[in-house]
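> Letter by letter, the chains look like this.
There are 2 protein chains.
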Amino acid sequence: MKLLEERIKRDGQALSKHVLKVDSFLNHQIDPELMQEIGKEFANRFAEEGITKIVTIESSGIAPAVMAGLYLHVPVVFARKRKSLTLSEGLLTASVHSFTKNETNEISISNKYVQKDDHVLIIDDFLANGQAALGLIDIVKKSGASIAGIGIVIEKSFQEGAAELEKLGYRVESLARIAALNDGEVIFKNENVEELV
Amino acid sequence: MKLLEERIKRDGQALSKHVLKVDSFLNHQIDPELMQEIGKEFANRFAEEGITKIVTIESSGIAPAVMAGLYLHVPVVFARKRKSLTLSEGLLTASVHSFTKNETNEISISNKYVQKDDHVLIIDDFLANGQAALGLIDIVKKSGASIAGIGIVIEKSFQEGAAELEKLGYRVESLARIAALNDGEVIFKNENVEELV
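Going down the list, the sequences are from chains A and B.
Each residue of the first sequence is one higher than the last, beginning at 1 in full-length UniProt numbering.
Each residue of the second sequence is one higher than the last, beginning at 1 in full-length UniProt numbering.
This is chain A alone, in the form it adopts within the complex:
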């Protein structure tokens, strides 16, 4: 998605070979018009899938997921994160380890809002090692619902998440795919491809 790549180039900060900071438009400050375009793009890519529900995770997944839900005309459910869950009645839960923060959270959604006849699109802001997406997949599977695919705003293709999800047979649609972060510069996957043509 050209608009998103341009924004990442302009406002993203490659702080190291692994860390891309996009808190000026995606995960702290949010650009609503960019989110709208992102929502439309997800809706276009999954238009033929018969999606009935979008599942995301707080907090940074919410804005792109709600915009996708607006254009797919389906409700959005966001999983909550907790250090540990004492009360879990009526909750579908999974464990998600964050390598960045070195902590494991329980994530959960109510079993009222994802049910076995749902066909779910999972959306998240980032895909790196895939832990959050795998946790959301786990929860959706526990509900008995089917999974149409996974929509990601920014994929760090140099980490294992995308390959792992595709190996498991899931359709992954990432709007920006980052091949590398080198010396403060962001290299997109399609840029490499264009160079080879």
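Simulated from the structure, these hints should not be mistaken for lab results.
Please read all numbers here as calculations on a predicted model, not as lab measurements.
Incorrect hints may have been included.
Which copy? The list can't say, so a pair holds if one copy fits it or any two copies do.
As the list claims (entries may be wrong) - Below, in silico cross-link-like pairs of lysine-lysine (DSSO-like), each with a Cα-Cα straight-line distance of 27 Å or less: (1) K2 with K83; (2) K112 with K9; (3) K17 with K116; (4) K142 with K116; (5) K167 with K189; (6) K81 with K2; (7) K81 with K101; (8) K9 with K21; (9) K112 with K141.
Given chain A, work out where chain B should sit, using these hints.
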């Protein structure tokens, strides 16, 4: 806002005299089309204020805030909640006590995204005792920015938050104002008024 009141009547659950559950369309499952209408309504009510930024708090404030930002054409910044902040460089912080959860969180936003020339609209999903709104006001004041007002999706008018904010001189625009929760029924403030006319 009629559409919102009707939705609360239909899908909200008054679990006690103090607890209204709206997790089927606002704070766990989200109805994107309702959020769009809520965003338009906030934008209309604050259209003449010269808003430059919206500030909200994760997670349930994000969807209505992003929709308001879309129609006011301004960025949204969401405050993050943490049990305690070890690292606070570059962060504007405030303490927010939750009576419901009986815990105090530090909330924070980056000083990069709210600055002294900003004119801020604060948005949140609920206004009850006002702790979250007061925390957001505290943060915005620390940035040196001015506050245009506070936009609330659901105000529990029988708790002290709205009165306290108005006493402090803030314009509070609540899209639904709940006068009471009685025997599982939701009574709106304007219903009482209409009865008196």
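> Hints broken by the structure, by number, lowest first?
1, 3 and 6
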